[in-house]
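**Student:** From first to last, the protein sequence lines stand for chains A and B. Each residue of the first sequence is one higher than the last, beginning at 1 in our numbering. Each residue of the second sequence is one higher than the last, beginning at 319 in our numbering.
Simulated from the structure, these hints should not be mistaken for lab results. Please read all numbers here as calculations on a predicted model, not as lab measurements. The beta carbon of each residue, even a glycine, is placed where N, CA and C say it ideally should be. Heads up, a few of these hints could be off.
What the hints assert, rightly or not - Which chain A residues stay away from chain B? Per the calculated CB distances, all over 12 Å, these: (1) GLU5; (2) LEU20; (3) VAL55; (4) GLY73; (5) VAL119; (6) ALA142; (7) VAL201; (8) ILE216; (9) ARG294; (10) ALA295.
As the list claims (entries may be wrong) - Part of the chain B face toward chain A, derived, beta carbon under 8 Å: (11) LEU343; (12) ALA362; (13) ALA363; (14) ALA367; (15) ALA375; (16) TRP378; (17) ALA404; (18) ALA408; (19) PHE422; (20) HIS427; (21) GLY435; (22) PHE437; (23) MET452; (24) LEU466; (25) THR475; (26) PHE488.
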Amino acid sequence: MIGLEVVYRLAGVVVAIVALLNLRDPTNPKRWRNAIFWGAYALSLLFGSYLPDFVNGCLVIVIVLVAGIGGLGRGEPKTTTHEERAESALRWGNRLFVPALLVPSCTLAATLILKHVHVGEAPLVDPKNVSLVALAFSAMLALAVAMVMLRQPLGAPPRECRRLMDLVGWAAVLPQMLAALGALFAAAGVGDRIAELLGHVVPWDNRLAVVAAYTIGMALFTIVMGNAFAAFPVMTAAVGLPIIVHRLGGDPAVMAAIGMLSGFCGTLLTPMAANFNIVPAALLELPDKNGVIRAQAPTALLLLLGNTVLMYLLVFRR
Amino acid sequence: MLTLLGVLVVVVGFALRLNPLLVVLTAGLVTGIASGMDVVGVVAAIGKAFTSNRYMAVGWLVAAALGMTSLGGHPQMVRPLVAPMAEAAAERQLDQPLPPSLRFWLRAHAAAADNIGLFFGEDIFIAIGSILLMKGFLAQNGFDIEPLAFAVWAIPTAVLALLVHGARLFRLDQKLATLSSEEGRR
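Given the sequences, and given the hints that come with them, work out the whole structure.
**Tutor:** Here is the structure:
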């Protein structure tokens, strides 16, 4: 049976290549740091299932300390020039989108088909993780198609991958760290405590009040922290899971999906989300550094209201 | 109440713009120790939680595969393409150089459209960090949910975002049209 372990191996190999390319790049003054960061992550991906929990925890600490203190560097790997890209875009036109569109379409098709494929009695793919396995294979398929179609040299994908991964840097492991934090919060009973505190203010049996507390809480937390990913574990452990799902019987998928999107409304409103709101204002030479937020605010507020109504209508539909 | 120290660490750490990885690790250590674990136990618990969320790396497989066709983003798309196109279109409509305030307002809207399209559109695709975070968090709390389910429930908001922001941009367009006809009469 093909399960997540295969996905971990694939990702582990990719990240290991990124580590090696960094190690061999003399143009990056911090190449050792980059190599240790990606190397430790690759070890966790490749062997995490076999290592003791404590060793895995030490790998996490290495990843965080290397990236968090002193930071990662960036080499100057060669890539295509602006002219080459323009020429290629002109030559291929909309066909350039083919590999990119292959990923979602193949993932969807494979998810629907693979569920029903059996080898003997056993399912070919772990039924609990069909879509992630389908996604991994679709990505590999898209890569193969892009290689054949664009006739790039064999070295191009690892090189470009490494360039992208170094651009993303430490942010690449942030969602995974936040999910891990969410698990710790849950184990320590953080949600119960917050629910207790909020219980003095919010009438827990009023569905609309609870939904509004969750969606508006997600947006407010995101405005303070600048990141919906950080707000999600806190608000979901406090209101989403204990009250909406456990107490009032709401659907966890709807709760999470619309809750996260309520957080994104907060992202549109906060200068703390610098990458989205402040950096573009600078790039576009706006005299008002909050100009982008001003353009976004009416949409963000209307959508926060819309999300609250949508969750109220959809989460309790059973 | 000590269990809430971890939340405080997250809020203060992010608000002070410290490195988020450091903030999250510290919050984890603080939460574990406040709830009575020893240091080795906390490190192991963090290791276990991190390891069981490794499927989030699947998003990087997609990035790796599509590195050669990378699109989108403010420096790559909005600054060199979207904003100049919007300005040029408005200039042609008004048939004269734009007043600075209008020019900057159009630029801000070009960036805003990119953000809004990204935020409310991306969750329809399952390889996105936020979907994987939802799956991971809920799985840690005993709900095994297919990523596709989150993607499906993101569709109503995506449609709403298209309608709301589409209507606002339509009004912006009409405002430009009114401006140009006023100019014409003068």
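**Student:** Now tell me, hint by hint, if it's right for this structure.
**Tutor:** Hint check:
1. GLU5: violated, 10 Å
2. LEU20: With a cut-off of 12 Å, A:LEU20 remains clear of chain B, as the shortest Cβ separation is near 14 Å.
3. VAL55: The claim is violated: A:VAL55 sits with its nearest Cβ about 7 Å from chain B, within 12 Å.
4. GLY73: holds, 15 Å
5. VAL119: A:VAL119 clear of chain B: closest Cβ-Cβ about 21 Å, beyond 12 Å.
6. ALA142: It is violated; A:ALA142 is separated from chain B by about 5 Å at its closest Cβ, not greater than 12 Å.
7. VAL201: holds, 16 Å
8. ILE216: holds, 15 Å
9. ARG294: The claim breaks: A:ARG294 does not keep its Cβ more than 12 Å from every Cβ of chain B (closest is about 7 Å).
10. ALA295: Label violated. Min Cβ-Cβ 4 Å, cutoff 12 Å.
11. LEU343: It holds, given that the least Cβ distance between B:LEU343 and chain A is near 4 Å, below 8 Å.
12. ALA362: The hint holds - B:ALA362 has a Cβ within 8 Å of chain A, the shortest such distance being about 4 Å.
13. ALA363: Holds: closest Cβ of chain A sits about 6 Å from B:ALA363, inside 8 Å.
14. ALA367: holds, 4 Å
15. ALA375: holds, 4 Å
16. TRP378: Hint on B:TRP378: holds, closest Cβ of chain A at ~6 Å, below 8 Å.
17. ALA404: violated, 11 Å
18. ALA408: violated, 15 Å
19. PHE422: holds, 5 Å
20. HIS427: holds, 5 Å
21. GLY435: violated, 11 Å
22. PHE437: Constraint on B:PHE437 satisfied, holds at 4 Å.
23. MET452: holds, 4 Å
24. LEU466: Hint holds; B:LEU466 Cβ to chain A Cβ min 5 Å, cut 8 Å.
25. THR475: Where the cut-off is 8 Å and the nearest Cβ of chain A is about 5 Å from B:THR475, the hint holds.
26. PHE488: violated, 13 Å
The structure fails to meet hints 1, 3, 6, 9, 10, 17, 18, 21 and 26 from the earlier list, while all remaining hints are met.
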